[in-house]
Amino acid sequence: MKKANNLFRLRKWLILILLLPAGTAPLAAASEAAGPGAMPPAAAATSPALAAPAGTAGRPEATAPTAAAKIVTEIKTPATDSLSLENPVTADYLQKHLRKSSPRLLLSPELEARLKSKLEIDPVVQNMYQAIKLNAAGILTEPLLERIVTGRRLLSVSREMLYRMNILCMVYRMEEDPAVLTRINEELNAVSNFSDWNPSHYLDVAEMSMAVALAVDWAGASLPDSTVTLAKKALIEKGIKPSYNKKGNTGWINGDNNWNQVCNAGMIAASLVIADQDPVLAAKTISRALEGIPHALEAYGPDGVYPEGSTYWSYGTSFSVLTASILESAFGTDFGLSAYPAFMESADFRLLSVAPSGWYYNFSDCGDERSENGDLVLAWFAAKTGNKIYFEKERFLQKPEEMEKLSRHAGAGLVWLAAFESRDETALPLVWKGEGPNPVVIFRGGPEDPGNYYLGAKGGRGTNNHGNMDAGSFVFELDGVRWAIDPGNQAYHELEKTGFNLWGSCQDCERWTLLTKNNFGHSTLTVNNALHAVDGHAGLADFKNGERPEAAFDLTAAFGDHLQSAVRRFTKENDHSLLIEDTIEITDSTKLVTWQLITTSDVEITRRGAILSQDGKQLRLENLSHPDIPVSVISLDPPPLELDRKIKGLKRLEIRLPAEAFTNGAGTIRVRLSRN
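Numbering (UniProt numbering), first residue to last: 1 to 676.
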């Protein structure tokens, strides 16, 4: 796999070097943040005014590099270049290379034989299948699905259908239970007769298409011809054809986020099922998907960080591995998807994003806690690599009834579990960095560390997909307590139904009034009580491994003209201490620099900092550089806005430094967090 990735990277470097005109270098990117921000009056009493950074329009993101540095920068993060997947798909190719009979999706006669064999001897596969059977029994007691749109989404219905078909169709293939087949038939007739699958929100169409395609492929040979005909017609008319409506919501085709992965996966699955009926449409759609998918895969580079956070990694990546598996079973190849640079490495990012507490490093629009169940997406990586670290055996061996409702990919996941053959185990690093559009560093104590040390810190920008104004922010755990938290995500529909504009990303867009989205709700720096510059990118400026690891982010672009420069450095001093150093150069417009820590712990102010207490443990905050400036505590419970996420005990610790604190226009804020 590493060899394949290196070949991809080499090809990318060579192409870009050849494309550079002689004697020229690419222009440096510039921030385009603009416009003043505003906070509703209700927030004024407890939060600083949300002013936009001055002078951000057109400001370069960093000091202009040398010509050579510009070339390296352009090669590393090209604006438009994406590596291609192999794409030989035509109607003629389908006729020659597509598996001639079902199952084509995820299963083949060989894969199914292996699964049935593992059901006889493998305790993990046996246990997971028992959990699937319990879920199937529960589904049989539920009413049939109806076309109920919640807000602008049919997504919950589509996801439930995908869950039901994964469960029921797997049980039917293993046992041929007529009661299960009857229910599959009823479910397919119900959703195929919906007026549409809500193409205005194409995720809904994609997940429904995946569900219907899987059911037809896995159970179609036993279903009434009328049901199969109806379902295939629905896949064409309600699944595939709306994706060719130029007036529709089809930006996902070549998009750079999870929509691309999910929607193209659904279209590929649907196309494979209707290929015998309409090979031209099927080939056209599969070929289009193979052209578009790399635009989403590019976001994993160069090290595997998923810019949208760990739970969105699970969402987007689950559909990419479905795509890879479906293509493999249908054609015998995934056309290079699994070999795409940094895609396989992203499994490490997923594992590293889970702290010892069981909470995610929940940056961007990420959920809080991981499930107690085994991770089926990681099981695909385990099967692909043979690496036991991705195979969560103990979680898959918990009592079936304790797993409760399974993933909507449970049927596919059982295939991946059965495909796993242990070959090696590569331990996760204790110090890790992932560069890219949303760079991340993680310091861990490892399995021998009694204090379970964990730091997750990041750069990035607000305009990343599902991004927040959180450049420079971090979470920190020690002794089983998450002392510095990220406020996480909020339910989208609950915000949208009020008319709230959650998805606008301009400098003064409403999204940035929320604590979960703006810098006032994150453990970072704030200057002049202003919002961060929405498009100001904070890159990883330095990284040192070893017993005393360090990582630094250049936050300069996040502050517009409010600062001349700002670099935040994190140092793991030992297994119970974290040093945070902010090296700052101010400008004439700098009035106030605020150091922030977001916590739910109890706080006692001390002469040179504060003591945080939680769950019988204590953490000392020491203001090393400016001990005479006291720590302030701003309660965020209740939060400033009615729509803000309510988190019990939430508070923001502040060290507020006036411009005068920076002698000769420069200085360093040094704060230590350590076990008390």
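Everything labelled a hint here was simulated from the structure, so no lab data went into it. Take these hints with a grain of salt, some might be off.
Claimed, not checked - Mimicking BS3-like on lysine-lysine, the simulated pairs with C-alpha atoms at most 27 Å apart in a straight line are:
id	residue 1	residue 2
1	K646	K497
2	K247	K96
3	K399	K388
4	K544	K497
5	K116	K405
6	K247	K284
7	K118	K433
8	K497	K133
9	K96	K388
10	K116	K544
11	K433	K284
12	K399	K118
13	K96	K118
14	K544	K433
15	K284	K233
What are the numbers of the hints that this structure violates, sorted from low to high?
2, 4, 7, 8, 9, 10, 11, 13
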